[in-house]
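Asks: Protein chains in written order, with the numbering used here: chain A, 1 to 97; chain B, 1 to 97; chain C, 1 to 151; chain D, 1 to 151.
No lab work stands behind these hints: they were computed from the structure. Predicted model only: the values in this text are computed from it and were never measured. Be aware that one or more of the hints could be misleading.
What the hints assert, rightly or not - A few chain C residues that face chain D, going by a derived Cβ cut-off under 7 Å, partial list only:
(1) GLN15
(2) ALA26
(3) ILE28
(4) GLY29
(5) PRO88
(6) GLY89
(7) PHE106
Glycine is no exception: its CB is placed at the ideal position from the N, C-alpha and C atoms.
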Amino acid sequence: MSSAVATAAAGTRPVRIVYFAWVRERVGLPEETLDIPADLATVADLVRWLKARGEGYEAAFENEKIVRAALDHVHAKPQAALGTAREIAFFPPMTGG
Amino acid sequence: MSSAVATAAAGTRPVRIVYFAWVRERVGLPEETLDIPADLATVADLVRWLKARGEGYEAAFENEKIVRAALDHVHAKPQAALGTAREIAFFPPMTGG
Amino acid sequence: MTPLIRIQREDFSLQDEIDALSTGRADIGAVVSFTGLCRDEAGTLTALELEHYPGMAEVEMSRVATEAVERWPLMGLVAIHRYGLIRPGEQIVLVLAASAHRRAAFEAADFMMDYLKTRAPFWKREHRADGTLGGWVEAKAEDDDAAQRWS
Amino acid sequence: MTPLIRIQREDFSLQDEIDALSTGRADIGAVVSFTGLCRDEAGTLTALELEHYPGMAEVEMSRVATEAVERWPLMGLVAIHRYGLIRPGEQIVLVLAASAHRRAAFEAADFMMDYLKTRAPFWKREHRADGTLGGWVEAKAEDDDAAQRWS
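Bound-form chain A, shown alone (with noise of 0.2 Å):
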C-alpha cells in the first residue's frame, strides 16, 4: 500500500465512466469523464471514491454488493484490478433477454 500511495501522489488519470438503469438515475447522469487517482487499484477502490463525491453516487452504490461494473466492455468483479481501463461502467444486475 505505501508504494501505491507513493504513485498516488504522481497524480490523476482521466476515465470515462458510464451508468445504466437505475444506477443511471441515481447519480444523474449517464456518463462522465473524471480524474480519479492513479492510486485506486480496484474496481471496489474506485466504487469508495465515488461515494464520496455526493449523495448521487451513495444511493447508487448503497449496496455495493448489487452494482455490477465492467472494465473496457468485459465484466469485472468488485477486486479485479482496473489496470489501464479507459471506460468503466456500472449497473444493475442485468435483466434482458
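We have chain A already, so just place chains B, C and D on it with the hints.
Replies: Just chains B, C and D, lined up with the frame of chain A:
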C-alpha cells in the same frame, strides 16, 4: 394355464393384424385379418403363433426383442395381455422425428 | 389448453403456426420451436421416405402432448409430423411450445421431441443418390436414453 | 461458423432468420428457436422499455455465442436482441441454433438464453397501464441458477 387350454377348445376369434416398415416387407403384406386361437394370452404368444405360419413371419420376428407391438393403437410389451384387442400392429423401433 | 396435432403429407410453415398460437394475446413470454429437417448425408441421399401408422400416429402424438401439458404450464403446444417422400433441406417435423417463462417452453419442446422420436409410429427409409433404395433407418439407443431422462 | 449477433430497435422475423440460415444447404437436421415476447402482466403493463449498453452489448453477446460454438457442433447460431419501447405481444429476443442433430441445437439455444439473461447488458423497466413509470425489473436468482447449470 389349464383354463386357457380349456378356452382354446372354444375356438378362435378374428383380429386385424397390421405391419409396418421392414416387418411389413418381410411378412409380405401390410395387413391381414386372421382367426387367432382364443387361448393366445399375450403379444408374445401371438408372435410365436405367427412365426409358425411361414418363412416371411419367421424372418419378420427373427429377433423378437426388436419388433414392437401395439394393441388398438397403444404400445404394448411382449408380456401384455391381448385382451379383446381388435387391431394388433407389429413394427420396428420408431425412427420418426 | 388443447395441443394442436397434425400429421400431413404437405409442408408446414413455422411462422404461420407461431402466428396462430400467439396473435392477439399478450400473456405468452416464451416460444420455443424445434424444426427437424431432411439431411442429404453429404450428398448420398436424394430423399427420405416416411411411413407411418395412420390410425395410431395421431393418437400417440396426442398422448405425448397431453403428458407435456400436464407437466408444464403451457399456453400453446403444436406438433406437426409429415409423411411421404421428403427431399434434403425439407422440413419433417415441427414442435412449438409457448409459456409465460422460458424454462417450461424449452423443457416441453425437448420432451416432445424425445417422445416423438421413440413413441410416435413413423419409420424412415433412405432413397440413395445412386438410385438404389437404401435401408430403413435404424433406431438409436441414444434416443431411448434421451427419452429416459423424463421418467 | 460465425454467429450472427444483432442489437436493434426494429422488430425481427424468425422466418427470415431461419431462411437465411438454412436455405440452399442440406446438412442441417435440427433448428431450435427461442423467441422472447413482451407480456402485458394481466393488463397492468403498456410497454417494456429496454435500455442497453451499446458499446458492450454486442461484444458480450458475441462472447457468449463464441462459447456456444466451442461447446456444440453448430451449423448456425443467431442472437438478436431489441432495445427501446416494446409493447405487449411484441418480440424482444430471438435465439436460433442449427445443428445436424437435435441435442446440440436444444442445448446451445438453452445455454444462449441463460447467458443472455445474466450477462448481456440490457435492463427492462415497466410502463404501467395506469400511466405511471414502473420500476426497473429485478433480476431473478433463478436466472443465475439457470446459468450455473452450464459451468
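Asks: Run every hint past the structure and note whether it holds.
Replies: A quick look at each hint next to the structure:
no. : hint   : verdict
1   : GLN15  : holds, 4 Å
2   : ALA26  : holds, 4 Å
3   : ILE28  : holds, 6 Å
4   : GLY29  : holds, 5 Å
5   : PRO88  : holds, 4 Å
6   : GLY89  : holds, 4 Å
7   : PHE106 : holds, 5 Å
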